[in-house]
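Chemist: Protein chains in written order, with this note's numbering: chain A, 20 to 318; chain B, 28 to 283; chain C, 27 to 94.
Incorrect hints may have been included.
No more than 25 angstroms apart at the CA atoms, straight line, and that leaves these computed lysine-lysine pairs for PhoX-like [unchecked claim]:
(1) B:Lys126 <-> A:Lys151
(2) B:Lys91 <-> B:Lys67
(3) C:Lys63 <-> A:Lys158
(4) B:Lys67 <-> B:Lys248
(5) B:Lys126 <-> B:Lys46
(6) B:Lys46 <-> C:Lys63
(7) A:Lys199 <-> A:Lys158
(8) A:Lys151 <-> A:Lys189
(9) C:Lys91 <-> A:Lys151
(10) B:Lys46 <-> A:Lys147
Quick partial rundown of chain C residues pointing at chain B, CB under 7 angstroms, derived from the structure [what the hints assert, rightly or not]:
(11) Leu37
(12) Pro40
(13) Leu41
(14) Val44
(15) Leu48
(16) Phe80
(17) Phe87
No lab work stands behind these hints, which were simulated from the structure alone.
All C-beta atoms, glycine included, are put in the ideal place defined by N, C-alpha and C.
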Amino acid sequence: MNVLEVRDIKKSFGSKKVLEGVSFSVPENCVFGFIGRNGAGKTTTMRAVLGLLKTDGGEIDVCGERVSYGCTPKSGCIGFLPDVPEFYGYMNAREYLTLCGDITGIDRSTLKSRCSELLELVGLDKEKHRIKGYSRGMKQRLGIAQALINRPKLLICDEPTSALDPVGRKEILDILSTAKEQTSVVFSTHILSDVERICTQVAFLEGGRTAFSGSIEEIHAMKSDTALELTLARPEDTGRVTATFPGCTVSEGKLIFPKASDSDQAELMAFLGAQAIPVMRLERHEADLEDLFMEVIGK
Amino acid sequence: MKGFTAFFSKEVRELIRTKRLMILAAVFIVVGIMNPAIAKLTPKIIEMEAETFDSMGMTVGEVKVTAMDCWTQFIKNIPMALIVLLIMMSGAYTSEYAKGTLIPLLTKGLSRSAVVLSKFFVMLTVWSAGLWLCFGITYFYSGYYWDNSAVKELPFAAFGWWLFGVLMISCIVFFSSFAGSAGQVMLGTGAAYFAMTMIGMYKKAAEYLPSRLCDCASLYKGELEPSDYFKAAVITAAVSLVLVAAALPLTNRRQL
Amino acid sequence: MDAEIREYLPLIIPLIIVQFSLLGYTIVHILRHDTYKRGSRALWLIITLVGMNFWGPLLYFILGKEEE
Numbered sequence: 020m021n022v023l024e025v026r027d028i029k030k031s032f033g034s035k036k037v038l039e040g041v042s043f044s045v046p047e048n049c050v051f052g053f054i055g056r057n058g059a060g061k062t063t064t065m066r067a068v069l070g071l072l073k074t075d076g077g078e079i080d081v082c083g084e085r086v087s088y089g090c091t092p093k094s095g096c097i098g099f100l101p102d103v104p105e106f107y108g109y110m111n112a113r114e115y116l117t118l119c120g121d122i123t124g125i126d127r128s129t130l131k132s133r134c135s136e137l138l139e140l141v142g143l144d145k146e147k148h149r150i151k152g153y154s155r156g157m158k159q160r161l162g163i164a165q166a167l168i169n170r171p172k173l174l175i176c177d178e179p180t181s182a183l184d185p186v187g188r189k190e191i192l193d194i195l196s197t198a199k200e201q202t203s204v205v206f207s208t209h210i211l212s213d214v215e216r217i218c219t220q221v222a223f224l225e226g227g228r229t230a231f232s233g234s235i236e237e238i239h240a241m242k243s244d245t246a247l248e249l250t251l252a253r254p255e256d257t258g259r260v261t262a263t264f265p266g267c268t269v270s271e272g273k274l275i276f277p278k279a280s281d282s283d284q285a286e287l288m289a290f291l292g293a294q295a296i297p298v299m300r301l302e303r304h305e306a307d308l309e310d311l312f313m314e315v316i317g318k
Numbered sequence: 028m029k030g031f032t033a034f035f036s037k038e039v040r041e042l043i044r045t046k047r048l049m050i051l052a053a054v055f056i057v058v059g060i061m062n063p064a065i066a067k068l069t070p071k072i073i074e075m076e077a078e079t080f081d082s083m084g085m086t087v088g089e090v091k092v093t094a095m096d097c098w099t100q101f102i103k104n105i106p107m108a109l110i111v112l113l114i115m116m117s118g119a120y121t122s123e124y125a126k127g128t129l130i131p132l133l134t135k136g137l138s139r140s141a142v143v144l145s146k147f148f149v150m151l152t153v154w155s156a157g158l159w160l161c162f163g164i165t166y167f168y169s170g171y172y173w174d175n176s177a178v179k180e181l182p183f184a185a186f187g188w189w190l191f192g193v194l195m196i197s198c199i200v201f202f203s204s205f206a207g208s209a210g211q212v213m214l215g216t217g218a219a220y221f222a223m224t225m226i227g228m229y230k231k232a233a234e235y236l237p238s239r240l241c242d243c244a245s246l247y248k249g250e251l252e253p254s255d256y257f258k259a260a261v262i263t264a265a266v267s268l269v270l271v272a273a274a275l276p277l278t279n280r281r282q283l
Numbered sequence: 027m028d029a030e031i032r033e034y035l036p037l038i039i040p041l042i043i044v045q046f047s048l049l050g051y052t053i054v055h056i057l058r059h060d061t062y063k064r065g066s067r068a069l070w071l072i073i074t075l076v077g078m079n080f081w082g083p084l085l086y087f088i089l090g091k092e093e094e
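Bound conformation, chain A alone (with noise of 0.2 angstroms):
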């Protein structure tokens, strides 16, 4: 079962129009990455999924409930962090953590040892100080801890490592992973190296539509091209190579061969070992995430 439809969801503000159809669905136990430019309507969508917005027209379900505007799903399914969250400044780590729990109602006893648990998976349970003086990493990981308190089966993440630097960025990944084995994560993001790291189902919003959705395999599939690079050690060969492979094009010393199958490859090696061609690097270049970006958003 899919813990989160989205069919074809509509939204405007004023006369722009924001989102135009969008739909994915997120089966259960995946980190589902949600790709868009800035400005795409990344935040829009999840707003919409959360019943924060009202949106014009389509349907969301969390967990076979259907999501209405100004009441978001009460089974307590869902999780989530804000791109900047914001919390009470005068309560500690462990403060808010009960505060939401007392919310969801979990019993006090569960409350305690739970609290515990995830302050120690996001890092924060050597931490005594008040909310106040947090850095945005900081913040970033206490509200990981607020979203997963009541074990939801949805963790929705809106931007979670665009503000943070690396060391706060790997943790912050390292964190989703590991929730991953206690519940399905959605998160949106423009940095695609994050959506390789730990993704295994993405969805690419461009222009108020869903361009691509599926799993990180359906991609490798669907671009199975990939390119070869080589550099020779000494240029004046560069003529004899383009001469027998003339599909090839040279740019700043380095003769590129595109859409180059595995047979192509070993043709390529043979004819510069047959020629005694001496070689200084020879690359190979799987199609990635960026090229099918650009590809989705037509550039």
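For this one, chain A is given, so just place chains B and C on it according to the hints.
Modeler: Using the frame of chain A, we list chains B and C on its own:
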């Protein structure tokens, strides 16, 4: 209900930790002591000013201070304490909406009505405790120096002010459901008070208006009976209830 | 004169206690914080001392104290 109690205790903790409760307590205590103090000092001040009065050709006889003077001070100063409370609380809702601190809690199933009502009840509790603390202190000193029985209907007069304060707090709740900032909330509440004063110019309306409840002097002197305040009290309570009730659907429709 | 002052003592003593503890607390609060919502440390110290009967501390806590 669990959302309401959890959020209510959060509100109380907020009042304590942001020092607001302490400040308000100090204000109500200081006002409570100032009322008899000013009354007690009045003859001294007049004595000192006597020379200036003399030069102006006015003669000042000996001034006799009574409990009436003390309670006149009470109704003069309690509005100040109420205004301080209203200013302190004016941003209670809007700052949370603006900062987005409610988002994580709302997505956990906390209802917006629980937020609106628990903040309302916190303000109500603080106002009730503050007013009666102030009343108690003034009553104690007034009884110590003078005779409280010379002034009529003391608790009822204070109750009138309390009810008026409840209406003002309800105004904050109402305006907060759509206003964008604390300033706008204060502006709305001020405008509501101004409108009330304007209507009060029309003499026939006066006995129905909430501002009638602030006219404690007539009550003290025995010119008016508590029953003369009945209509105004019922209307004030009803309007407060309507304002808070209207704030609930308005807040539910608010884009956060 | 002595008897007269004694008559005022029940009013003056609690008033002084409340006002001075508020004043002391406010000054400590100002000195222990480096940033304010608006204004500077010197400004708030002056305001607090000028309006020491309680308006000064009140203004500081409403307008000057940093939000938490």
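Chemist: Which numbered hints are broken by the structure, listed smallest first?
Modeler: Hint check: nothing fails, all pass.
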